[in-house]
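**Student:** Keeping their order, the protein sequence lines are chains H and D. Just so we're aligned, residue 63 is where the first sequence starts under our numbering, counting upward by one. Just so we're aligned, residue -12 is where the second sequence starts under our numbering, counting upward by one.
Source of the hints: derived by calculation from the structure; they are not laboratory data. Hints should not be assumed to be uniformly reliable.
[Said to hold, decoys possible] In silico PhoX-like cross-links for lysine-lysine, where the CA-CA straight-line distance does not exceed 25 Å: (1) D:Lys55 x H:Lys393; (2) H:Lys393 x H:Lys138; (3) H:Lys102 x D:Lys20; (4) H:Lys112 x D:Lys160; (5) D:Lys24 x H:Lys125; (6) D:Lys132 x H:Lys314; (7) H:Lys70 x D:Lys174; (8) D:Lys180 x H:Lys126; (9) H:Lys292 x H:Lys372; (10) D:Lys132 x H:Lys112; (11) H:Lys288 x D:Lys24; (12) H:Lys125 x D:Lys133; (13) D:Lys160 x H:Lys267; (14) D:Lys160 x H:Lys125; (15) H:Lys391 x D:Lys123; (16) D:Lys133 x H:Lys70; (17) D:Lys183 x H:Lys70.
In this text, all values refer to a predicted model and were calculated from it rather than measured experimentally.
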Amino acid sequence: MDEALFEKIEQYLNGELSREEHLLFESEMAANEELASLVKLYDTVETEMKNNERNREDEMQLKKTLEQLNETYFKKEESEHRGNIKFKEEISPVESPKFEAPRNDTKIKRMMWTKLAVAAAILGFIALGVTWYLHNLKDNPQIAVNNNQPDSSKTVTKPDTTHVNNPDTAHLQENIPPPNLAKENKKAALGHQPNQEVLFASNYKRDVTPDDKEGPLEDAFYYYDKGDYKNAIAAIDGADLNNTRGPETDLKLTTFYAHYYKAQSYIADNDVVKAIPELKKAISESPDSSLQIKAQWYLALAYIKTGDLKPAEELLKHIAENSADLEHKSKAQLLLKKREFEEALLKKRKN
Amino acid sequence: MSHSNTINIHSDQKYINALLNNDRSLLEELYRKYSGKIKGMILKNNGSEDDAADIFQEGLLCIYNKAKNENFTLTCPFDAFIYLICKNKWLNVLNKRVTSKVTFTDVEGYNLTEDTVKLAEVCTLQQDRKNLLEEKLAELGESCKKLLRLSWSGKSMNEVADELNVTYGYARKKKTECMGKLIQLVKQSPQFKSLKW
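With the hints as constraints, model all of the structure from the sequences given.
**Tutor:** Printed below as a string of C-alpha cells:
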C-alpha cells in the first residue's frame, strides 16, 4: 500500500494542496486512469460513509419499526425458532409470467431443468427422511416435549447430559439420520439445547486482535490469531505489561487488552467461567467507554452461557441505552427482545 | 395519480416522509398497501417469505438513505418505485443463486421515465456499496474502525485526535493508513467491479 499516495489523495480531496500541486495532481490523474479511479473510489467511500455515520442512529430506529412491521406482514419461517422442519424448495418451476430466462439462451433453460430434476430427487429423498424423523419423534415423547418447551432452568443447575444438554448424544439416541437430514437435524438438535445455549451461540463471535499488535502482548496476539488459546493465555500471563513504549495511556490500554484477550481466549476455549473475572477486570480498567461496552457485551454473553440471566439482563439494558458503541447497542437491543431470552428469564424468575 | 412528470412531486411523497420521520402509522399503511405485491413478486420467482421480508425492508432502507442524503423527491407512484428497487435487488440475489442471467419481463402497467428506472438502479447500487463498505470496515481492527468512524462523524481531524488522545499528525497518518486498508479490502472483494464506484 502506497501511504504517500493515499496522503496525497486525502490532501487533494480536502483542498489542502497548493495551487501548483493541485494542478499537477489533476494532470497526473488525466494521464493515469488508474490513479483517477482510485481518487474517485476514495472520494466515494468518504462521502458515502459520512452519510452513513450521520444517519446511523435514525436508520437504526427506522429499522426497528420495519422489523416490527415485518413480523405482521410477512410470515416468519418457523424452523428457525421452533426446530420444526419446513422444507423450502430451492428451485421451483420458473413458468411465471414475470420471470423468464432469456429466450435465446437454451443452455440456461437446460441447466434449470437439470437443476429441477436434481431438486425433485432431493425433495423426494428428504420427504422419506421426514416421515422417518416424525415417526421417531412419536416414539420418543421426551424429545418431542423438549423440542417445544426447552426446560432451561433444569439444565442449568443440574446438567442432564443424557440428552438435553448434549446434542451429540441426543443424536446417537435417535439413531443416525440419513445424510440428507443431517442439516435439519442440527437445527432440531439446537431446539433441545437450553435457551441460553442458543442465545449464546447465535450472538457470540470471537473478537479480532487490535491493528497495532506491537508491545508486550505481541506473542499473545500471535497465538490468539492462530486459534492457540492455551498459549495465548500463557503469553498474557508471562507478559511484562509495564514494558510499553509510550505514555500512561498505553499502559492502561495494554492492561485492558491483557484481561480482555485472556477472557476472549477462555471463551473461545470453552471455559466461560474463567472468562468472567477477567472481563470484570477489563471493564474496571478500560481506557474508554467503547472498549468498556465491548467487554460488558462479552460479560453479558458469558453470564447467559452460565445461566446467570439477571446480571446479563442488567448489562444488556445498560449497553442498549448507551450510544458509545452503536454496533453493540443494537445487538443488545435485539438480544433483549429475543423470545428465548424472555422465556429463560421467566423460568428463572419462577424458580 | 399517474400524471407525474419530472417536476411534480407525487402525492406518495408522504411515504418518503414517513420513512424519514419513522412515522409508524403511515409506515403501517405503506406495508398494508405495498408489501403484498412485493411478496407476490418474490414468491412467484423462487423466493420465500423471509426473502420477501428482507428484500422489502432493504428496499425501504434504500429509499430512506437516498432521501436522507440527497433530498430526493418522488415523481412516480411509490409502489412502482419500490417494485423497481425490489426487483433489482431480487435479481441480484437470483443471479448469485443460479449463477446465470435471469430477467423479469417488465414492470407491468407503469409508465415510467428513464430517470425513474435509473434512479432505482442507483439506489440499489448505493445500498450495495454501503453494505460492502460496512462489511469490510468490520474486518478492520478496532483502532482503525474507531478512528474512521470518528472522522466520518463530522468531527475535524483535530477533534478526532483530541478524542483519541493522540497528536494531530498521528491521527492524520493513521487515517490514510486505515483508508488504504479499507480500500484494499473493498477492491479485493468479488463484488467490487459490479458496484460502479
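**Student:** Now tell me if each hint is right for this structure.
**Tutor:** Going down the list of hints, with the structure as the test:
Between lysine 55 (chain D) and lysine 393 (chain H), the direct Cα distance comes to roughly 24 Å. Compliance with the 25 Å bound is thereby established for this hinted pair. Proposed proximity of lysine 393 (chain H) and lysine 138 (chain H) is supported: the alpha carbons are some 20 Å apart, at most 25 Å. Under the criterion of a C-alpha separation no larger than 25 Å, the hint pairing lysine 102 (chain H) with lysine 20 (chain D) is inconsistent with the structure, at around 40 Å. Proximity of lysine 112 (chain H) to lysine 160 (chain D) is assessed by CA-CA distance (about 19 Å); at most 25 Å being required, the pair is judged to hold.
Our distance criterion of 25 Å between C-alpha atoms is met by lysine 24 (chain D) and lysine 125 (chain H), whose separation comes to about 21 Å. Annotation: proposed proximity of lysine 132 (chain D) to lysine 314 (chain H) holds, straight-line Cα distance about 20 Å (limit 25 Å). Between the alpha carbons of lysine 70 (chain H) and lysine 174 (chain D) the distance comes to roughly 19 Å, so the proposed pair stays at or under 25 Å and holds. With a C-alpha separation of about 32 Å, the suggested pairing of lysine 180 (chain D) with lysine 126 (chain H) is violated against the 25 Å cut-off.
Taking the CA atoms of lysine 292 (chain H) and lysine 372 (chain H), the gap is near 30 Å; set against the 25 Å cutoff, the hint is violated. Pair hint lysine 132 (chain D) plus lysine 112 (chain H) holds up; C-alpha atoms about 13 Å apart against a cutoff of 25 Å. Restraint check for lysine 288 (chain H) and lysine 24 (chain D): the C-alpha separation of about 49 Å exceeds 25 Å, so the hint is violated. For the proposed pair lysine 125 (chain H) and lysine 133 (chain D), the alpha carbon gap of about 23 Å is at most 25 Å, so the pair holds.
The straight-line distance between the Cα atoms of lysine 160 (chain D) and lysine 267 (chain H) is roughly 30 Å, outside the 25 Å bound, and the hint therefore fails. Our distance criterion of 25 Å between C-alpha atoms is broken by lysine 160 (chain D) and lysine 125 (chain H), whose separation comes to about 35 Å. A hinted pair counts as satisfied when its Cα atoms are at most 25 Å apart, and lysine 391 (chain H) with lysine 123 (chain D) qualifies at roughly 20 Å. Annotation: proposed proximity of lysine 133 (chain D) to lysine 70 (chain H) holds, straight-line Cα distance about 22 Å (limit 25 Å).
Of the pairs offered as hints, the one joining lysine 183 (chain D) and lysine 70 (chain H) holds, with about 23 Å between alpha carbons and a cut-off of 25 Å not exceeded.
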